Amino acid sequence: MNDLIGRVFDFEKRVFPSRNDLYAKLAAHGQSPKALMISCADSRVVPELIMQADPGDLFVCRNAGNIVPPFATQNGGVSSTVEYAVAALGVRDIIVCGHSDCGAMKALMNPEMLEGMPNVAAWLRHSHAAESVVKAGYGPLDNKDKVRAASLENVVVQLAHLRTHPSVAAGIARGEISLHGWFVDIHAGQVLGLDGVSGRFLPIRDDRPLPVALPAGQRLAMDEPMMEAAE
Numbered sequence: 002m003n004d005l006i007g008r009v010f011d012f013e014k015r016v017f018p019s020r021n022d023l024y025a026k027l028a029a030h031g032q033s034p035k036a037l038m039i040s041c042a043d044s045r046v047v048p049e050l051i052m053q054a055d056p057g058d059l060f061v062c063r064n065a066g067n068i069v070p071p072f073a074t075q076n077g078g079v080s081s082t083v084e085y086a087v088a089a090l091g092v093r094d095i096i097v098c099g100h101s102d103c104g105a106m107k108a109l110m111n112p113e114m115l116e117g118m119p120n121v122a123a124w125l126r127h128s129h130a131a132e133s134v135v136k137a138g139y140g141p142l143d144n145k146d147k148v149r150a151a152s153l154e155n156v157v158v159q160l161a162h163l164r165t166h167p168s169v170a171a172g173i174a175r176g177e178i179s180l181h182g183w184f185v186d187i188h189a190g191q192v193l194g195l196d197g198v199s200g201r202f203l204p205i206r207d208d209r210p211l212p213v214a215l216p217a218g219q220r221l222a223m224d225e226p227m228m229e230a231a232e
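In this note's numbering, the protein residues as written are 2 to 232.
What you were told as hints is all true, and nothing was included just to trick you.
As a list, the in silico DSS-like pairs of lysine-lysine whose alpha-carbon atoms are at most 30 Å apart: (1) K147 <-> K136; (2) K14 <-> K35; (3) K107 <-> K145; (4) K136 <-> K107; (5) K26 <-> K14; (6) K147 <-> K107.
It should be emphasised that the hints constitute simulated quantities derived from the structure, not laboratory data. Computed from a predicted structure; not experimentally measured.
All chains, full assembly: derive it from the sequences and hints.
Listed below in structure tokens is the structure:
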């Protein structure tokens, strides 16, 4: 803890003064983040570091397993964060970001690890669809590969949950919101992106188009009603 406190002092004495113009602008004009990232709370996965983001660039929500519960009338921290990001801040890109060696996904695939953690077990019910996909859709896998598969499928599941939130659904229908599914491979130092067409996670490269789970584009189920001719 003393090491962390020392870094607080360093922020006050060195970092803040060196970025004084940026912080003054943010204090005076508020925030206009470029994206909402919903990532795991794992201490090894730092969204701002991965994206080399400055203060004000990212609106971040972190929790065990990068989970987005389906929308319900019962209030929740993730739901409130999503709603505020879209409705109040006007965020137009939402990223659900999983990662390798995820403890939550290990517990999902090995439920004996959840003994004595009833709250974690209840939280992971929002990932049961990912568990089912791995068990029913994949062949025999060792535990390491099961966890990786679950981590990838969990991103897909949480993106589906995200679309049940009214603010997100309305933004998608209007063509204003893009959804992204990312996976950070801690061992390789690589970020993969979900390609919505193929359904596969592809390496994010600066010489290739960005893989996008759901690109922005108007999605309305009914054509615009034709105006009736005046009698």
